[in-house]
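Chemist: Residue numbers (UniProt numbering): 1 to 727.
There's no promise every hint is true.
[Unchecked claim] Cβ-Cβ distance ranges computed for the label pairs, FRET-style:
#1 689 with 283: 51 to 59 Å
#2 677 with 631: 26 to 34 Å
#3 18 with 446: 58 to 66 Å
#4 664 with 394: 41 to 49 Å
#5 688 with 307: 27 to 35 Å
[Said to hold, decoys possible] Listed below are the simulated PhoX-like cross-link pairs for lysine-lysine, each with C-alpha atoms no more than 25 Å apart in a straight line:
#6 22 with 89
#7 473 with 540
#8 299 with 391
#9 214 with 329
#10 246 with 435
#11 292 with 435
#12 285 with 246
Don't read these hints as lab results, they were simulated from the structure. Even for Gly, the Cβ is constructed at its ideal location relative to N, Cα and C.
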Amino acid sequence: MQNKLEFLLERVSKQNPQANIKKIRAAYECAAAAHEGQKRRNGEPYIIHPVAVAEIVVEMGLDTDSICAALLHDCIEDTEFGYKEIENKFGTPVAELVDGVTRLGMLRYSKEQEQFEDLRKMFLAMAKDIRVILIKLADRLHNARTFQFLPERKQRDKALETMEIYAPIAHRLGMSRIKWELEDLSLKILDPIGYNEIVEGLKAQSEQHEEFLKGIQQRISEKLREAHINNTISARVKHIYSIYRKMYAQHKTINEIYDICAVRVIVDTVADCYNVLGYVHDLYKPIPGRFKDYISTPKPNGYQSLHTTVIGRAGIPFEIQIRTAEMHKMAEYGVAAHWKYKQGLDKKAGEETFAWIRQLLEAQQDTEAEDFIKNIKVDLFADEVFVFTPKGDVVNMPAGATPIDLAYAIHSAVGNRMTGCKVNGRIAPIDSQLKNGDIVEILTSKEAHGPSRDWVKIVKTTEARNKIKQWFKKECREENIVNGREELDRELRANLLYNGFYENEEVRRNVFNKFSFSSLDEMYAAIGYGGITVTKILNKVKDDVGKLRRQREQAERAAHPQDQQPVRSGKSSDGVVVEGIDSCLVKFARCCTPIPGDEIVGFVTRGYGVSIHRRDCVNVHMKEDPDRWVRAWWDEDVAEGSDSRNRFSTGLQISTRNRIGVLSDAMLVFATGKINVRDMSARDLEGGYGVINVLVDVTSVHQLNNIISRLRSVKGVVDVTRTVDTN
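Turn these sequences into a full structure, and let the hints steer you where they fit.
Modeler: So, in structure tokens, the structure goes:
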């Protein structure tokens, strides 16, 4: 291990001569002592991991405190060496970095609400000190290199988390080296067959690629030497995940993907970049529409370069990137380049670099968890298009953005007064997708009555969506309250939760606390302007009503233990025995559709016999005349489901994602299970979800549970719950 330390210190001296070697050595010794006796999953001493993370941090070019924090990053979580000890020995900055990385390590990207909170904490940590996420990226990179030692399920979970969260953040920070490696290592776990197919394909073509790229390098080098332009030329094959995405998007094999080779030319000045572009286009024929100027219009992560795709003599297309040495450092190391080459961020650079983090934090205000998670990938991780205003200003928008998004990106007032738009001098639909280079003029009017509610579904960016919702929240409060109440009441009644919500103060209070509302009107208004979905409120009400019902049942059973084993007198009628009543008229309540296996209770109606309810039915505890409730139970043969001739109807609600074929797959489950479907209806919900309501005939709860289990395994099915008969 001493060799590992010396190698690390040697690299530190080369990368950052100003680093405090003594402090780094002390951090290593503390980490080694704290992790003494611990092993990694591959059997290596645990200290190898912190040292490897520190090496990646050194390669990023970060400062002494960051290197120390990398060495100590697992101490607070895994050892007795805590925050106070680190602070006393290495100072508050190192302790805060370690604490920040530890907190990020505790994030769990699972349920939407938890994921929302975890991502928010991550962005807050990034806004406070960007080095926290840089060290965390180094930690994840080294862990990704050893994914194969994890259990198979955990491998996939970690790889997916890396692909969806950490690789895009590395991209947003401009750290292309780390992004590429994270993507490739994750792909190796998520689709090993596809990954190996590309690796084998590249091996088979390696000699051909090498010869092809060598010829291009030689030709460009000779041309630039004649023009007396200092340059460094390198050639490479694109990384595996980039090829994989292209194969997937274009439905091609690796042999059908031609532009997998890229050449990079690094020169001294910006003027040289454009001169080299001219010489390259003299040597090779450019492909129209494949030129991108990221020098005049940098990417949001600071990336600058000229990209052009050309065709060589053999008819094979390839990409050429042209940039200065400074641009290359930024492309490779992203935000870390400020430490590597400038020893930290100055105030102005910091404000510009992290403005997007503040915007993300502002955008999540008044945003539901699932909306935030869905839209963050658009705002943070999507491809970009560059459009121009009539004055020539360049505006960067996510791919798929509309003129409405642009209007709100300019200013809220512009969006709220928008009446139409012109794209490239012609009137265009306001929902048209913008393309690179479009010149967009937003048409406004002081007489405009504000945005349309439909715009919320049209816009691409969270910023525009939130500004539209804010307008409706502010300008149409009374209308929102009316619309929100109507929508909530309709759904509460449909789900038999109306009385459970309005007649129980505890249920209402729990809903208010959960979603931070102070009154019913505030909640109605939020539903009305789209600040929260009715589905989220219904789920909370359903949970709380069910919980209160179970508490009442337990209290009743504790108070009347003699009622738990009733003397079963009476004759069966329709498979049900009602205590003290022989062969009475029995009907099954449509509010809860009981079936054999459910605990049941009877209600003596006026002139219509006994209505049989499930014990957990919401109406059991809400009806008047408690004396008319009678004990009931299933006939033994029926309860066991042994007589297949007896079938009982009950309702199921199947929550789905909007996937083509999910309805037919669900119906196939009923057909193969020989379950009769009496009635079926389906409808789309907001946010890419849908719901299927079915009324089925079953013999018992056992049979129903088997069907529910099989339905939940259908691709695209989110959940299956029992519901009401709506006939």
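Chemist: Taking the hints in turn, state whether each one holds.
Modeler: To see whether the hints hold, each was checked on the structure:
Between residue 689 and residue 283, the C-beta spacing of about 53 Å keeps the proposed range 51 to 59 Å intact. Taking the beta carbon of each, residue 677 and residue 631 are about 33 Å apart, inside 26 to 34 Å as hinted. For the hinted restraint 58 to 66 Å between residue 18 and residue 446, the CB-CB distance of approximately 59 Å keeps it satisfied. Between residue 664 and residue 394, the C-beta spacing of about 48 Å keeps the proposed range 41 to 49 Å intact.
The supplied range of 27 to 35 Å is met by residue 688 and residue 307, whose beta-carbon atoms lie about 33 Å from each other. Proposed proximity of residue 22 and residue 89 is supported: the alpha carbons are some 12 Å apart, at most 25 Å. For the hint linking residue 473 to residue 540, the alpha-carbon distance of about 23 Å falls within 25 Å, and the restraint holds. Only pairs whose Cα atoms come within 25 Å are accepted, and residue 299 paired with residue 391 is accepted, the gap being roughly 20 Å.
With a C-alpha separation of about 24 Å, the suggested pair residue 214 and residue 329 falls inside the 25 Å cut-off, and the hint holds. The suggested pairing of residue 246 with residue 435 holds, with an alpha-carbon distance near 20 Å, which does not exceed 25 Å. About 13 Å separates the Cα atoms of residue 292 and residue 435, which keeps this hinted pair within 25 Å; it holds. For the proposed pair residue 285 and residue 246, the alpha carbon gap of about 22 Å is at most 25 Å, so the pair holds.
Hint compliance for this structure: no hint is broken.
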